[in-house]
Each structure stands twice: as structure tokens, then as C-alpha cells.
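Asker: Protein sequences, first through last, are from chains D and Y.
Going by numbering that gives the first Met the number 0, the first sequence opens with residue 0, and the numbers climb by one from there.
Going by numbering that gives the first Met the number 0, the second sequence opens with residue 0, and the numbers climb by one from there.
Among the hints, erroneous ones may be present.
Unchecked claim - Restraint ranges, calculated between C-beta atoms of paired labels, are given here:
no., chain 1, residue 1, chain 2, residue 2, range
1, Y, 1, D, 19, 34 to 44 Å
2, D, 24, Y, 42, 32 to 42 Å
3, Y, 1, D, 171, 50 to 60 Å
4, D, 157, Y, 280, 43 to 53 Å
5, D, 12, Y, 286, 27 to 37 Å
By construction, these hints were calculated from the structure, which means they are not laboratory data.
We treat Cβ as the ideally placed atom computed from N, Cα and C, and that holds for glycine.
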Amino acid sequence: MAANFWLSSHCTEWLKNAKDEDNNPEVRQRKEKNREIMLSDEEIKKLRIHMSTFISQLGRNLHVKVRQRVISTATVYLARFYYHNSYKDFHPHLIAATALYLASKVEESPVSHIVSALKELHQTKWPKEESYDIRDIVDAEYFLMEELRFNLIVFHPYRQTELYMKDAKLESCVHT
Amino acid sequence: MVVKCESRVSGKVMVVKRIKKMPSVSGDASDEDEAGADQGFPVRYLREACLLRACNHPNVMKLEFVTYHEGQIELFSEFVGLNVEDYISSLSDEYFTRNKQKHEWVLQLGRYFMKQVLKGIDYCHSIGILLRDVKPRNFLISSDGTLKLTGFVLARFSLLPEEPLTQQVVTLSYRAPEIILGGTYPVYTAPVDIWSAGCTFAEMITGRTLFEGDSEIGQLLKIFKLLGTPSDCNKSFCFEVPSYIELLPQWQPQSLSERLEGLCDEGVDLLSRMLLYHPCSRITARDALKHPYFQGDHSLMKT
Numbered sequence: 000m001a002a003n004f005w006l007s008s009h010c011t012e013w014l015k016n017a018k019d020e021d022n023n024p025e026v027r028q029r030k031e032k033n034r035e036i037m038l039s040d041e042e043i044k045k046l047r048i049h050m051s052t053f054i055s056q057l058g059r060n061l062h063v064k065v066r067q068r069v070i071s072t073a074t075v076y077l078a079r080f081y082y083h084n085s086y087k088d089f090h091p092h093l094i095a096a097t098a099l100y101l102a103s104k105v106e107e108s109p110v111s112h113i114v115s116a117l118k119e120l121h122q123t124k125w126p127k128e129e130s131y132d133i134r135d136i137v138d139a140e141y142f143l144m145e146e147l148r149f150n151l152i153v154f155h156p157y158r159q160t161e162l163y164m165k166d167a168k169l170e171s172c173v174h175t
Numbered sequence: 000m001v002v003k004c005e006s007r008v009s010g011k012v013m014v015v016k017r018i019k020k021m022p023s024v025s026g027d028a029s030d031e032d033e034a035g036a037d038q039g040f041p042v043r044y045l046r047e048a049c050l051l052r053a054c055n056h057p058n059v060m061k062l063e064f065v066t067y068h069e070g071q072i073e074l075f076s077e078f079v080g081l082n083v084e085d086y087i088s089s090l091s092d093e094y095f096t097r098n099k100q101k102h103e104w105v106l107q108l109g110r111y112f113m114k115q116v117l118k119g120i121d122y123c124h125s126i127g128i129l130l131r132d133v134k135p136r137n138f139l140i141s142s143d144g145t146l147k148l149t150g151f152v153l154a155r156f157s158l159l160p161e162e163p164l165t166q167q168v169v170t171l172s173y174r175a176p177e178i179i180l181g182g183t184y185p186v187y188t189a190p191v192d193i194w195s196a197g198c199t200f201a202e203m204i205t206g207r208t209l210f211e212g213d214s215e216i217g218q219l220l221k222i223f224k225l226l227g228t229p230s231d232c233n234k235s236f237c238f239e240v241p242s243y244i245e246l247l248p249q250w251q252p253q254s255l256s257e258r259l260e261g262l263c264d265e266g267v268d269l270l271s272r273m274l275l276y277h278p279c280s281r282i283t284a285r286d287a288l289k290h291p292y293f294q295g296d297h298s299l300m301k302t
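Kindly generate the complete structure, drawing on both the sequences and the hints.
Answerer: Given below as C-alpha cells:
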């Protein structure tokens, strides 16, 4: 992307480090809430890995089929959302599906069948659990946008990586 | 619906753009038939909101916040003032006739506003936003003479598109030839905004739309009539042009300075660079700002 990363909100507002985290009351509150449902930091880490797998499974579903870029954007949205909020308050599956839905719109390839994909995934993995319908996603969508403070543009280093690999004469390793 | 309002908290005067979402097709079948169901936040306004949020420049309108309540979206932005289209039509004809003091005033204002237009466009291009709807209506002038860009409904955050873009962008009168000629999926990028800015420039000077076509082909004919039919098509454009272009009348380029009476030579030169057929040879916003036309002190004189 030919855009200027260093001036973007992605760089100025959303690059967090561990040091800031300790001083931020919002983050401390989130961590306490997470502990209430018996989630240690180690488990949170695992949950995050699970959720990004969940998003990419959802994105690769036959009904949806989005580009990798959309999946990556959705994963970033999810991470940003749970920076300020606790897993106790919002079901990650709903937020993940919403993030993917929103990301597909922002990246200009809207999907309309996200709910069928979500239902299908739920049926194969957790047949007993209720899935969400489109109304839940639409309701969560605005909330997600507000939590992200409308900073919806996310940078990905795909193009740069490609150029870098070319420079290093490793084009054959790149699958596009 | 656009309403002017004042914040009770900060006392700031703002403009609210209120959009009623289309009522979703209700009924029990909506779960099965998702295509007809609620689509959530409309993509156009999502684009406008997230791109305006990404901008921070004195010549781009600032979006304060967005609310969404029961299907009604409200975009709160700073209050600026009237748009350039209204400004042009508010001036009577004598402002645009030659050898009058008033015309001199219009020319000065034109230069003053044009500089800000280009600054705004340059900023957007530098952070990677392709505006795709540059026209007088989308420029707002505040009471202190600052001009701000708005109208991001069609904008896109990508100067190097990965897939073909749609042809249905930019109001027809300001649409660059490469979009009209590009077929169903033309390839275009930043220079289309410069073309539109050039048309806006001419409109501010003459008070009339530069190319006012009623259809796509009419638009092309208007352009060729003034700038001449491109002789070697595939050299003038960086893509293959449809063959019918050979059948069009072969016009010779007209003199721009005749069309833009009273405009100084530098201004005519700048405009002719902004209206070049080949997108790659068209001047960029950054270079245009360095053009001799903008050199020297051109601050507004109080009248």
C-alpha cells in the first residue's frame, strides 16, 4: 500500500507495549475481569490463538471465501477489541464473526453469507451451542466500530514482504 | 439530511449528516434469505467514516464522531460553510466578464482556493486515499477563507488497486477520460483526481462547467472539442482504447487561454498540465503546488 504508515492511527494509537499495559487502568480492569472467569495470562494467549484460527476458518468457509487480507484485518480488530474489553463480557465468537463482517466491508469485498458460515462452523464443532444470527452481528458491528474508535484502516506488510523477498532473490518462496 | 447544530457540551458548531438506513426486509424468512436481510452499517458511509477518521489536515473536513441508533446513522463533522458550487452560482455574471475589477477579484480568489484544493488532494494522495469524487460541491469554504475537502463516499484507501475498479465514479462532468474510455473495469489511480481538480479550477475562473456532457460519449466529445481529438490513441492513453474513437471527428486543440479569459499565462499552463490525456504525464498535486502560478505572495486582499 502506498500509504504513509507513520502518520496513521495504526502507528500512533494502536501499537502497544507491555510497559503501557501496566499503567493503563482500562487494561488492568480487563485483566481482573478475565481472572474472574479463571483465565490466566497463559490461557488468554491460547484463546487468542484459537480465535485467530477461528477467524481464518470462518473466512475460508465456502459461503464466505475472503482474501487473506480481510482475515488479517479481522484478526487485528479482534485483538484491538479485547485490548479494552474482557472475554467475560463479550462472546469471542460473536465478535470474531462481526470483525470478519466489518473487515470484509472495509476491504471492499463485502460478504453477505457470514451467518450461514458461522452456523455451519458451529454445527461441526459445537453442535449443542446456539449460533448467532445476522441481527446479533449487526448490533455488535456498531459497538465494535465504536470500540475501535473508527480507526478501521489496518496496515499489512504483504506487499512489502513480497518486494523484500524479491530483493533477496527468494521469489520462489513467496506464494501469492 | 444535513443539519447544522451546536454542541451543548463544548459549544462547538457542527454539521450532522443524518442517514436513514433503508428499512430491512422484515419477515421470518430473513434468516434463510440473507441477501435480503439487514446489511448492517452501509458500506458507503462506513467508507466515509473510516477514511475521514484517517485524515488529519487543515484542508480536509474533520469528522468529530459517529453515532448509530436504531438504524439511523449520524455523522458529526465540523461546521465549515457554503460549498464552492454555491459560491460560484452566487456570483453574478459581471464577475466573470473581462476587464472589470470584479473579475480580477474572482481570479485572485480562484488562485487562493485552488492552492488549498491541491494541498488537500496532495495530503489525501500522500496517505493513500483516492478521492474519486472531486467537484466544486465537495469543497467547503469557511468564513475565514479556508477551504476543506469533503465527500468521501466514493473514496478508496488504495492507490495501487489490486483489482479493477468500477467505472461508476466521479460526477460525469468531472470524470477523467481514462475512466470513460476504460471499458467496464478501467484502471485508474491518483491522476483522475487531478483531472477533476482541473475542471474545478476552470469552473472557478469562468463560472461555467468546463465540460458539460449529457452522456458518456457526449462528455468525451466535449473534451475532445476543446483539447483536440487524441491523434495516436494508444500513445495518448496508457491502455487500449475502443476502436470507435477513430470514427469521431478530428478536432484540433483549442487555445485554453481563449476559453479562460483573463487568466494569466502561468494559470493557463498549470491547467493545461492538469488536463493532459496521458495519466502518467498529468501533473501531480505536489508538483502543481510548486508551479510558478502559486509562487509569490497571494494572500487575499480585503475588499
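Asker: So, for every hint listed, does it hold in this structure?
Answerer: Hints, verified against the model:
A hinted range of 34 to 44 Å for the beta carbons of residue 1/Y and residue 19/D is consistent with their spacing of about 39 Å. Here the CB-CB span from residue 24/D to residue 42/Y is close to 36 Å, well matched to the stated 32 to 42 Å. Between residue 1/Y and residue 171/D the Cβ separation comes to about 55 Å, which falls inside the hinted range of 50 to 60 Å. Between residue 157/D and residue 280/Y the Cβ separation comes to about 30 Å, which falls outside the hinted range of 43 to 53 Å.
At about 32 Å, the beta-carbon gap between residue 12/D and residue 286/Y stays in the expected band of 27 to 37 Å.
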